[in-house]
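**Student:** We have chain A; now place chain B onto it with these hints.
For the record, the sequence lines run as chains A and B. Just so we're aligned: 167 in this note's numbering is position 167 of the first sequence, and the numbers increase by one with no gaps anywhere. This note's numbering runs 1000 ahead of the 1-based position in the second sequence.
Read the hints as simulated data drawn from the structure, not as lab findings. Fair warning: there could be bad hints in the mix.
For each label pair, taking beta carbons as the anchor points, the in silico distance ranges come out as [said to hold, decoys possible]: (1) Trp-1221(B) <-> Ser-60(A): 46 to 52 angstroms; (2) Gly-1228(B) <-> Arg-55(A): 27 to 33 angstroms; (3) Ala-16(A) <-> Val-1184(B): 36 to 42 angstroms.
Not everything, but these chain A residues come out facing chain B in the computed CB check (under 7 angstroms) [to be verified]: (4) Leu-53; (5) Val-54; (6) Val-80; (7) Gly-86; (8) Ala-90; (9) Arg-102.
Idealized CB from N, CA, C, for every residue including glycine.
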Amino acid sequence: MTVVVRFDRFTKTFGATRAVEGLTFEVRAGRITGLVGPNGAGKSTSLRGLLGLVRPSSGSATVFGAPYADLAEPARRVGVSMEGVGLNPAHSGRRHLTVFARAAGLADSRVTEVLELTGIAHAADRRVRGWSTGMRARLGLATALLGDPDLLVLDEPTNGLDPEGVRWLRTFLREQAAGGRTVLLSSHMLAELENTVDDIVVLNRSALFVGELAALTGDGARLEERFFELLTQSGLAGAGAGAGAAGPGVVTRA
Amino acid sequence: MRRQLRSELLKARSGWLLASLLLTATLLDVVSILGTAGSVHRDIGAGHTTIVAGSHDIVRLGFANLLFATLFGVLMVTGEYRTGAVSRSFLVARSREDVLSAKAVVSLLVGAAFGVLGAGTGLLAGWITLGARGDHLVLDRETWLICLGVVLVSTLAGPWGTFLGWLIRSQVPAVIATIVWTLVVESAVSAWLPDVARYLPGGAEAAIYRDTTTSVLSMPWGVALFVGWLTLGAAVSERLLRHRDVT
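If we strip away everything but chain A, and leave its shape as in the complex, we get (with noise of 0.2 angstroms):
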């Protein structure tokens, strides 16, 4: 199965803090990818290292076979939403959409078929100051969807959204997966996660799990469950495990 994201030994630095080590993992096409941790576990740095809008310490991290900075078309190819990558609270939403799809050389039309896909085109023309966190969570959902990319990566895009907009959001990724569209995600909700991706990275600074989510739950143990053994066991071994030097209990596929 074609590989879509790969993290070869990503390690991200700020100062004397290491915020990623050694990360490595693979992402493949058509399916759903959770990536999970505990607040400061990497997450976000790691898939802003992705999307090159941080640059590695050492190791790499590629969308289909580059660095992000080298795809032609990369509205075409990778939608974003997530938290930092921000809107201007001053458009309105449809505003916003405009901006971004004449960047991506998009049809002002594509605007529409977001709007209405993420359900708000009701509130398309108010400004965004206004909206809800969980309209503000479509509205970055839109952007991810306005250039119909091949790969979603979306940080905790669940915050904000009520029951009925997570059970639409679930829907909506299997759709998409179901449709040869491959998805990174990360999320707080494990309960919600295991209900939506096939494979799950369990992240610490570096992977303490890598493969898919049956492997892990097999057994009839929750997500949560296993999720929290992961964390007790790193926390014990000191700095968690490295991809590729698996520990007991930690199971790696890159």
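**Tutor:** Below, chain B alone, put in the same frame as chain A:
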């Protein structure tokens, strides 16, 4: 690049930033012209100046729009860092250099608008205010050269602002630094070290709008010098953009 330009143009005309800066600049131009027209009239009466020199001084007041053009450039970049929208701009663009270039070009166009407005306000308000006192605005070759300088200096000040924005990134410090540098630091250097000040960005700008109060270069050399400063700003910004993390 063309699509990035379309995107940046749409950003520039969205919201109230551009309109409010244009309005504020024009109001300040009018206020300063009103005050200057009164003093010119008194000085002519006292024999301290001539209507020709007074007309030039009044039309030249439109140069103040360069500060607003610079601020627009600064805010155009730092506003995106403040909201995090700069990450989206980089993700969607084909390259970071496209974003840098498009913002520079759009701020150049907006700077030209500030310049035209400044020169137009100088001419119109000068004609009205001097006329109201029985004087007549002199439209000689020097007046038109000053108008050209006012347009040119604001035009070039726009991209200069974007480069300052890329260098500093944080909005409030960037705005404070721009205002303090322009109004305080360069004025102080100009007073104490005029031979140094004429080669600074503000000295080059003064040469472009044909300032007569300080020792400045000729207008063509001022343009050449300021283009040199712009080139340096672009090179440093491009290098920083390529190597800095966007966090």
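**Student:** Decide, hint by hint, whether the structure agrees.
**Tutor:** Okay, the hints, checked on the actual structure:
1. Trp-1221(B) <-> Ser-60(A): 46 to 52 angstroms: holds, 49 angstroms
2. Gly-1228(B) <-> Arg-55(A): 27 to 33 angstroms: holds, 30 angstroms
3. Ala-16(A) <-> Val-1184(B): 36 to 42 angstroms: Given a distance of about 37 angstroms, which is inside 36 to 42 angstroms, the answer is holds.
4. Leu-53: Cβ of Leu-53(A) sits 4 angstroms from chain B, so the hint holds.
5. Val-54: This hint holds: Val-54(A) lies near chain B, its Cβ roughly 4 angstroms from the closest one there, short of 7 angstroms.
6. Val-80: With Cβ-Cβ at 5 angstroms, under 7 angstroms, it holds.
7. Gly-86: holds, 3 angstroms
8. Ala-90: holds, 4 angstroms
9. Arg-102: Check passed: Cβ of Arg-102(A) comes within 4 angstroms of chain B, closer than 7 angstroms.
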